[in-house]
Structure formats: structure tokens, C-alpha cells
Amino acid sequence: MVDLEKLKTAARETVSRDDVKYLIGWRQGTYGFRVSPHFVKEPEEAEKLIFSPLCTNNLATYLVLTERLPLPRGEQPDSRKVALMVKGCDSRAVVQQLIEQGIKRESVLIIGCPCEGVIDLKKVEEKFPHLPGPAQARWSNGNIVFHLPDGDKEVPKGEVLAAKCLSCRYPNPVMTDLMLWEEVQTRGNDEYDDITELEAKSPQERWLFWEDKFSSCIRCYSCRNVCPMCYCEDCVLDRLNPAWVFRSNNISENTAFHLARAFHLAGRCIECGECERVCPVGIPLMKLNRKLAKEVKEKYEYIPGLDPESKPLQSSYRPDDKEDFIL
Amino acid sequence: MDTKKLSKDKFGDFMAILSRQKKLYVPQKEGESLRFAPVTAGSQPDLAFPNTTVPPKSVLFPQTETLYQFEQGNTDMSLPGEGEERVLFGVRPCDARAMAIVDSLFSWDVDDPYYLTRREQTTLLGLSCLEPGTNCFCTSVGGGPASTEGLDMLLTDLGEAFLLQTVTEKGEKIIQSVPELLEEATAEDLKAAEKLSQEAAVRIARGIDTDGIPEKLPGLWENPLWKDFSESCLGCGICTFLCPTCHCFDIQDEMEGFEGRRCRMWDSCMFSEYTLHASGHNPRPSRHERTRNRVNHKYSYFVKNFGTIACVGCGRCINLCPVNIDILNILSQVVKEAI
Amino acid sequence: MKEQFEPNVVAFLCNWCSYAGADLAGTSRIQYPSNLNVIRVMCSGRVNPLFVVNALQQGADGVLISGCHPGDCHYMEGNFYARRRFALMKELLEYVGVDARRFNMSWVSASEGSKWKDVVQGVVEKAKEAGPFEQFRRNKINW
Amino acid sequence: MNNKPKIGVYVCHCGINIAKTVDVNTVTEFASHLPNVKVARNYSYMCSDPGQLLIREDIKNEGLNRVVVASCSPRMHELTFRKTLAEAGLNPYYLEMANIREQCSWVHEEGERATGKAKKLVAAAVSKVRLLEPLQEKEVDVEPATLIIGGGIAGIQAALDIANAGFKVYLVEKTPSVGGRMSQLDKTFPTLDCSACILTPKMVDVASHPNIELFTYSQVEEVSGFVGNFQVKVRKKARYVDVDKCTGCGACAQECRLSGRIPSEFDVGMGKRAAIYLPFPQAVPAKYTIDSQRCLFLTRGKCGKSPKCVDACAAGAINFEQKDEIAEFKVGAIIVATGFDVFDASRKPEYGYNDYVNVITSLELERLVSASGPTGGSVMIGTGEDASVPREIAFIKCVGSRDKSVGNEYCSRVCCMYTAKLAHLVEEKIPGANVRVYYMDVRAFGKGFEEFYDRVRREGIRYIRGNPSEIFKRGDKLVIKVENTLTSTPMEDEVDLVVLGVGLEPRKDAREIIDLLRLSQSADRFFLEAHPKLAPVDTATDGVFLAGCAQGPKDIPDTVAQAKGAASSALVLLSSGRVKVQAQISFVNEATCRGCGFCVEICPYGAIELVTVNRMGHQVSVARVNEALCKGCGACAAGCLSGSVQQKSFMDRQILPQIAVLGGMR
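Protein chains in written order, with my numbering: chain A, 15 to 341; chain B, -5 to 333; chain C, 859 to 1001; chain D, 1267 to 1932.
The hints are simulated quantities; they were obtained by calculation from the structure and are not laboratory data. Not one of these hints is a red herring.
30 Å max Cα-Cα, derived DSS-like pairs, lysine-lysine:
#1 D:Lys1774 <-> A:Lys336
#2 C:Lys986 <-> A:Lys215
#3 A:Lys55 <-> B:Lys221
#4 B:Lys23 <-> A:Lys171
#5 D:Lys1511 <-> D:Lys1538
#6 A:Lys215 <-> B:Lys23
#7 D:Lys1830 <-> D:Lys1404
#8 A:Lys136 <-> B:Lys23
#9 B:Lys210 <-> A:Lys55
#10 D:Lys1830 <-> D:Lys1799
#11 D:Lys1286 <-> C:Lys975
#12 D:Lys1820 <-> D:Lys1468
#13 A:Lys215 <-> A:Lys313
#14 B:Lys189 <-> A:Lys141
#15 B:Lys167 <-> B:Lys16
The following label-pair restraints were derived from C-beta to C-beta distances:
#16 D:Lys1499 <-> A:Trp195: 50 to 58 Å
#17 D:Glu1694 <-> C:Asp976: 58 to 66 Å
#18 D:Asp1315 <-> B:Glu65: 31 to 39 Å
#19 D:Ala1801 <-> A:Thr200: 55 to 63 Å
#20 B:Tyr62 <-> A:Leu254: 16 to 24 Å
#21 B:Gln170 <-> A:Asp166: 55 to 63 Å
#22 A:Thr210 <-> B:Gly153: 43 to 51 Å
Not the full set, but computed from the structure, chain C residues with beta-carbon under 7 Å of chain D:
#23 Ala880
#24 Asp881
#25 Ala883
#26 Gln889
#27 Ser892
#28 Ile897
#29 Val899
#30 Met900
#31 Arg904
#32 Ala913
#33 Gly917
#34 Tyr933
#35 Gly936
#36 Tyr939
Just so it is clear, the structure is predicted and the values come from calculations on it, not from any experiment. Just so it is clear, CB atoms sit at the ideal spot from N, CA and C, and this is done for glycine as well.
Bound conformation, chain A alone (with noise of 0.2 Å):
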């Protein structure tokens, strides 16, 4: 069960202490269901912490998002640690930036947030629209209960959880420092059906959903930018010289910016689903990302960001790996 004055306590001391530069939570927005990634670095700014089925941000991102501006000579470097409220999905980017050396544990304290799913705000949107003050809600007894200005309402979580939560087999942290609450129960046993779906289509069906999708693509990077995975300095993708794909916005460069995408997150993809949350024209991103994810659990038995100590699938090979592909 959620805690609140547990999660703010532990938040209270995490940041007292001298070798934490601050701590990265949630805290309610500024109108309907929104939430906001919080930077806590006084005690006292704990007190706005949340933890509720609002709480869709993976705060993952921000531990490799940081901007490391040129120091003036002599100047060192802030190395204090950085606490993170993660789920357990936020906890897989965690485990899996390690694995890549984006980060350092040392430089990390992570505190565990058992979750039992988060809803995807266009669901709620459409039952509860146009709430322009801060609305709140929370878990109960398998059910959402939104807080509205004429009272409570209480919604299956069926009908407003976000996709990815429905069939989440990983909703406790898998790493931790500080477990604040007990361990939920694994909802889902993902077979990943929505893809199978899709790969029953002909390829001519395949390619117009997707142009469709891609069509509608305005290139403004925040699937790659919200990314806990995407923390290359300069994305190739980026790049002008050599220009792997084109800054113009048509059907074949966005289409190529999405395989690459999609390509560069085989076997890294941990399915928080941050980057579909946030396309501002509703690409299902995800259904590119768990493709990758299906095939590389089903050819190579991979699943990342579980082991810190495991090898990157990218950088690894078995000399039997299968090969029906190969003429």
C-alpha cells in the first residue's frame, strides 16, 4: 500500500544527507491529471511529493539527461548522488543504463515504489475532461478512484490504465536501495498479443498503418528525447555530416527516423512507454519498441534491464544463434 508520509520522510533524509545532490519525484501539475517531475533539494520541498496513478513519468531520463557544461579550471564537478523514485518499470532503465555504464551505481540512489499501474491520461481525459485546477487520484482495492471537483469517482482500472500496465510483469523495482512499501503483485503475463495482431496484417496493410502513423510525424524528438535509453551526447540521428536521415519532415525521412529509432532500442527497450505517452500526434511507438522486445526475448532469450551484470544484446553474439533468415 502507498505511504505517502513514508515516501516524504524517507525523501526528508535522503536529501539531509551530504552526498546527495537531490532527489527526483512526482508532485501534482497545474491543472486536470497532470503530474510534473519534482527535484527535491531541501527537506522541506518534500512535502509535494506524490505517488499516485498519475504518476506516468519515468524519472529515469532525467539521470542521463543532465546537461555537463564546461567546468571553469580548477572547478570539480558536482559528484553527489542523485536519489530517483522509480516503479518498476522506471527501475528496468535504471538496471539497464547501468549495464551500458550511462550512469554509475555509486552515483544513484534508488527508491522503490511498488506499483500498481498508472493510467494513461488520454483515457481519463476523455471520461473527465476539462478540468482546468489540479485534480488528484489514487489506488483502491484494484479500482482508481479519481478526486473530482463534484465528488469521488471510482473507475475499474481496466478502463484508464495505460497499455503497458495491463500486462506488466515487472511492477516492483528490480534494484534498490530503499523498497518504501511492500511488493505488489505481477499483474500481467505479456504475450505481447497487440504485435501478433499487427504481424497477422499483409505487408501492404502493415505499410499504410504505419505511413499513416509516420505520415502524421512532426519530428519534434520528444519519443527520443524523454528516452532513458537515448543519452548519446550528439544522437546520430542529429547529425548533418553523414545525415542518416534528413531533417525534412516526409514520409520516407520519418520513416527512417522511426526504424532507426527503433532499431537503436533492440535489446535495450524496457517498455516504460514514456516515448508513446508524450508524441504529441499519437504515434503507437510502442508497438515499434515491443516488436524489437518480442523478438529479441523470442530469438535470444534476452530481456533487459533485468541484470546489472549482463552483457548489452547489441554487443553479443551466440555462435548458434538462429540463422532461417540467411539464404
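The hints should help you fit chains B, C and D onto chain A, whose structure is shown.
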């Protein structure tokens, strides 16, 4: 100018005639998003929206446009063909105001032929905004649900019919081309439209008093608020690409083999490459400088150069920001800090 | 009747096995279709999977990657990496609706001149069946 | 300097090889209009002296700075034309070839199509050559020393050759003595000279050679570095005997409480030794070693009142406090001569090796017939009072060779001849014995082999073609069940002694060497040579060579020949003193590297490592390529997500334009 009434049973004919005269753009679903696209045989206009996902600037100032084509080792270049007359139907007043704001930029010190020609060739038919969205705040920045600035004609949905109010000669021409479909508008019609838009304005729940903000902003250059608000910024281009007034572009040469084209495409001040110098130096090295620039550009620099705030209160940046960076929140903090 | 479609196939060959195998086909004067053009790299492990996307974008109707047989790689392991990368790239391309006949991978050793001919014939034939791939063609779109 | 590309394109007719199908004039004309092309010419034979002169003159007169040669395969003449460029003062890597012969004119009869394709290939080459960068062929100094792993005849021979040429050799042997398998043999085929007589002098030479540092009872623990500059760590295992004091008198072994109770490795378990031992009388160095696994004092902490060996050793050489020592040194080359294991006959249970004392292996018989062996040279079944002299003796060949059921498809190459030799020796030792050999084929391919085989048959050894299916006991006799495949008659053969002609297998500890030196194995699990014909002693790791049976089964003359080959290959390196490293290697753009280490994992040569650098005051980890180790495969470049690792001459930005031309040009 002129006011007319178009009965809804004639609406189909009206659109059909428009689409024969010019290339007609209406809001349509593309993927999961709504944007202005040319009417084709199977296309479905979608008018039940507070606003399109992608603003109509995407037609007047396309995300990518070819400036000219060339071949390597050859100094000849070929310019793109002349554009065509088009008409956009269903433009919200805020987005039309945005075009008026962008106009001043593209005809500032040097005329931009690509934009201005296309603007000249385009007629904007607006639709009064009777169901404002959650984060709409046009009334705070000098607009309103029935503002006509930037439009050639405004339509208001009166239930059984549309009220047509022309704003420019281009709008006038449209009316003149379909006399058989229209009837005269009565004083009641005008009053009804007025009432509808006033009611809509009342329903706008969010807002800010922008008085003094342009003057206050320069004094807050080093204020910690920029860091606080941008801490969670992902540095993506949603707020700028989908802003109806953002107009920054980059020019790039795209080569394939020995052929190439020089083209321009939307750029975003939220990207780090935006200000990246060839030397590697970046005067806006982190997200907080970029966030500060975005707000300052809209609420201070543009005001200084063109006398108007470059924000029309459409709410897109608030609606679509993945991490809930809310410009109204920033502005109210600006007001607070300045005191 | 419409003129028969002549596909363009871009092939990436490793220097030590497949390129040598293609050379052997030449030395043996084995005839095969001229629609396939080779880019020589030192190892199939060098072929970035994004080259395939790029080739399709830049006008190729089909792509072939060819390396040494598993265990024969001049650099010991390169073709093993290539195999993994392209197994996934192939899945991804097919999933977004790229005709499966456009992407091919083969192992051709330096002694397999006649296998090289078979591979080329097969790949060109398949690209022919798949037809021109203009919906993804970079400069067909809005240049 | 003006760096704008000025390209010369040279289209070769290759006599009529190209010109017959490809319209070289059209191709030349086409090429002359491509961007940055200053000169386009065609000529009958570009590779000829006048052809090359054409290029050199143009470089000089026209100021060309890039060259495209459209001719045969770059595998054929790339080096030729690189030299041409270099001679004209141009960086040799400013060259790109378009293969319009092997992959165009020879495979496409139809002229128009061949010409069209040739144009495309030339255009692609032009698009790439513009972007090529000059590369430097770097050289590094070679450490004038060699490490030889394995002190058998291969290692010994290689060590002597190199040492005699005046270079330092470190010879590392795992067991307490050099000598290897050859020292276990009695006589050698086909000449029947005494193995020990020809080997022992070489063993002594090795130990006394001023240029050879011998490490026996030692193991190579770590090898790092690259050709010319390997760093080696060797573990000298504790012998518990001070070799400087030990005189090799053997008093200790006689006194040892376990004397005569431990099976001797050298005698394949048939003889016995003490816990302190000399592997065999002629061992080099002739220094005793305590078997730490057996010694009572070392395993239990006490040995009677006090260890008897200590009391017996007048020199006071025994030191139970001795510890392993690590020796470190640098070498320029490494020779792997780790030898083989004999096939474990118990893996063919149908032959009853584990069940019957009178089924023995050829190596066991080798010890029995040896005068220095456990029986003093007499062939006996059993030991002590039960011992008897066999009369009916059968050899079975190809045990563990040419046998897919045990995973050994290969021929062990020595069994045919050692069987003939042993059969001859048995016949000699037991007058009147009936000896027969069951065989699949007799392969007497070497010098004097067929003659020897013929001689042995004339001496009365019967050769029966058949592969026995089973051996079982009937009374005192062993029965061999076999079908004579020449007469197609099944038969049972009652004998007193069966000798299994066991084959050669890769050593069980081969994996250690593979990991140490990044070697590969061929399908037979022996170490893989760089090329089966043209580089039979080289490996894929530069500076590492193979000698002897580590590379595959071979007899003593072949082993010695290969050892001399490996020695001379190592000497080429050492005596030139410098080694060229690949030019078309990978490099890292450290400014964009994110330090994920994918490339480090991918590199088959361990050529990339993560290093910490200071990036504007921040300590960040980035990949760095060791230029001497990189072989230029480029697998790292394709695996780098940020495009920070690139391969010179095969950079993404050089390949993408090729794709554009070949994909886009119709």
C-alpha cells in the same frame, strides 16, 4: 464588411464550390492527430475540436520546403514551381491571429518571397471558437473566441446556419462567388453570434494579466525561476513546433548522390543545435537558457520589435508538454518575482 | 505491354569471402543479372543495419548482405554480430510493411562462385517480384 | 593547400577482357562529367608500366589528388595502384577501385547492361574517393624476444632456431621437464632410430643455451599487448625443491614414503614413482619436483616424524615453504607448440579398455617396448607373478580417429605408421608372435613410409581390413569380433593382447590458450591457422604462430618442419625490428562517444578499451582504439549507436554516398 448567412443544408455545396475554385484545406485526422490537409475524395473534415493538433501555419509555412535544387559540379539551380491558390476552412481565431503576427516577421527587414507569396495565395476562413479548451487563454493576450485578426472571413456556428462575416477582399470574393447559396444575415443573427462568443469567452477558465510582463522580463534574466521551471524540460520540440506563432527555421542542403536541394525546415529554440556554433561553443548551453529564451522571445523581444506579444493563447504548449511545463505558471511566477 | 521492371539491388560484401566469391564467379565467367551492385566492406560486421534503411530510401529495390559462413569469418566474429543485427532489422522492416523480398542475407565463401550466381539471381528475381519501392524513395517524395 | 578533390578516373580495357563487353569510351566520357573529375582516360592495361606512368604523370601535371581505377578486382591490384600513387607522392589511400572486370565484364555478356553497370560502379567510386582521407601506415618496434609455449619437440626446435639466430627465447613448459610426447616414444618410424637418442641432446641444448630462458613446471598466465609488443606473465609453480641446490641424485625419491606407489605420468600409469620425482631419467632439467597433490607433508601437514626426503637430501634442496613465482617479460612474437592429448580409449567402450588388462593403448605399448619403460623393454601382460608374454597380438587402428561417433572426423596421420613400427618391434621382442593389424585404410604417404609398411608386412605382420565391432573375453583369450571387409566374411579372432591405435586429440586445456591469445579453432578443434595453405603457421592474431600438433596431428618430421617454419616467421618479425600496423583501422570520436562499451565487447581483438578523459572538467569514460591491435574489420563501427566509432576508409560518410549512387542511379 459584409455579413451573410449559410444554411447548414447548403454547407456541402459551399464546400464543393470552394474546393473547385481553390485547393481547399480542412482539419482532418492524420494518424491520431488533427491537422489541415487538402480535401480529397475520401477525406473527412473534422470540425468538432477546440483546436487542431498542428496549427494551420503548417500550410503557410510548411515544416519543410524546397528553396531550390541543384546538381553538384554545376551552378544551375532550379526553383520550385509557382504555388496555387488555396483556402483554409475552419481556422480558429487564435491561429489566424498567429498568422498576422508571423506576417510581420516575414515582411520585416527583408521580404520572404516563399512565405509571402503563399500567404497572398491563401484565404483563411475562420470558425468562431464556441467550445474553448481547458488551457485556452486567448483573452489574456488580446484575442478572443471571435477575433477576426488575420482572417479573411469568420464563420460562426449558429446551430441551423453559419454566420459569415468577411474581413478582407479575399473573403469578400468568396462570398461573391457563391451568391446563390447565401442569404442576408439579420441583426438577430449578429446578436446571436455575439452572444455565443461572449459566452465562450466566459468559459475560458485559465488566464493571466499580461500587463507589464514584457517590461518585467529583462529584469529576471538571472532569476532562479528559469532553472526551476526547466529542470524537468526534455528539450523536445513540441511546444515550439506546435506553437502557431513559432516561425524559426533552419536551412540545410540535402544531398543524394550528386543531386541535392537546399531546403528550409522548422527549427526549435528548444534544441541544443539551434544555437550551436561551428566552433562547438553554445551560447545557450542548457535547457534553462532555452526555456528562458522561448518565454522572452514571445513576451519580450517580439513585443519590442513588433509591438505585440507573440503568443495567442491557444494552449497547445500546455496541453502537449509531456512534463507539464505550463507557460501560464511561468508567467505568473514572472509577475510574482518582479514585485 | 509495360516494359519489364529492372530492379536496383545494393549489396554489401565482405572482402574475404563473399567479395572473393563474386570475383571467382567472374574468373569462372559465370553469368548473372547485372541489376546488383556491390559495395565492398572488410567484414559483414561492418555493415551498419541502417545502411539497409538508407539504401531503400535512396532508391534500392532490394538489399543483400553477404559474409563468410559462420565460423569462417576472417575476423573470427564479425559475421556473428552481423547475423544478429540483420535478423532484427529484417523483422523490423517486414513489420512496417517492407516487402520481405527486398531484404536478403547470405553466406558465400571465396570458393562459392556458383553459389554467388544463385544468390544474385534469387535476390534480383525477388526484387523484381516486389516491384519498385517508390513509396519510401527519398527524392520521389517532395523534392 | 587546396584540398578540393581533383579526381583522375582511369578505365582499363584489360586487353579485351573488359573492353569486349564494356564500352570503355562511353564509361570514360561519362566519368569525365562527374563532379570533381579532372581527368578521365582509358588505356589497354592500367596495371602495366605505361598504364601506371599515365597515372603518375597526371598526378604531377594535372595536380590530381584522388584516383579512381576502374579495372579488375581490388583484391588483385589495389596494392599495385596504391604503390603507383605513393610513387607520385600522393597518399596511397587516396585510391578507390571500381571492379568492372570480375564483377562486370566477365559476368554480364550483354554490352549495354555491362556498360551501364560499369558507369554506376565508377560513379560510386568517384562519390567515395572524394571523401577519402590520407592514412598513415604506422610502424612499431618489435621486442627482440619470443615466447614459446610448450616444450615438446616443436617448442624445442623453434627455441633452438630462434636462439641460434641470436634472439632471446622464453620457453615455457607445463610439466617438470621438456621433451614432451616424443620423449615417451621408443623408436621413431620409419627409420627406427631411438627417439631418446635424437631428442635428448636437443633438450640439453635448450637448457644450456645462453639465449634461452627455460621455465619448466610453469604456465603462461596472461598475455596482453600486440604484435611486436606482448607483455607476458608466467607462473612458475612451486617445486618445493630449490633447483639451484638439487643435484638430481634421487636419494629423496628412494626415501619417500610413497616411493613406488604413485602412477607415473610418463609411463602412462604403468610404472610407479614417488611423491618427489623426476618424470623420467633423462629429464631436463634434471631437478626433482614434489607432487603437491600427493606429498603427505603438503597434503596432510605431516609425514611421519619428519619428511624423509628432507633427511635424505644432502644438498638441503627441499623447501616446503616455496611459493609460486610470477615472471614478467616482453616479447615480440609468440609460438604456440602445446601439442596434443592421446585419445581416451575408454570412450570406445566396445573395445573393453577399461575392462581387460590385456587391452592397451599404443602409447602404453610404446612404454612397454622401451628399454627405459616399466618392464625394462619386455612386452608383458599384467604385472608381477601373473605376468605373461602374449603370443597372439592384434592391433586395431583408427581408434578415436576418422570416427564421427566420438566427434573426430579427421585422420590422426601417425597411427598407420606407429602401428607398423610397434608391430615390428613386438615381432622383434617376442619371436614367433602372431601379429595382425585391423585397419580401415593404410596411409603410408611420407618419405620412406610405404617402404617401411612393405617391409613390416614382409616380416609376417598380417593386415586385415576390418573395423572390429566388439572385444569380449572367452576363457583366457580376448575375442575380436570383426568383418573382413575384403572378403565380406564375419570372423572372430582369439588373441592374448589387443593394442588400440589411439588417435591424437586437441589438448583438453586448449581453451586456456584460446582465451589467452584469442586464437580460433578449426572444425577439428585444433588451433586454426590463418590460411590452410598459404599461412599454415600464422594465426589470426598477428605475431602468434603455431607449431606442431597444436595445429593438427602430424608426425615428428612434419612437426619439426613446422616448428622451423614458425621460428622463421617469428624471426622475420624480430630481425626486421619494426612491424607495420593496419592503416584502415577504427578510431573513436571521443567528443561524441558515450562510453557504453559496446565496441569494447564487440571487438574480437580486444583492441578497444574504455579510458577516462577530461571533458570540460568532467571525468567521462570514452572508448579508445589501440591502433596496433586493431585489424580493421569495422564491427565496432556498425555497433556504435552514436556513430562515434568509425573505420578509416570505410566511414559511414564515405559509404552512404556509394549507396546513394548505386541505389539511385538507374
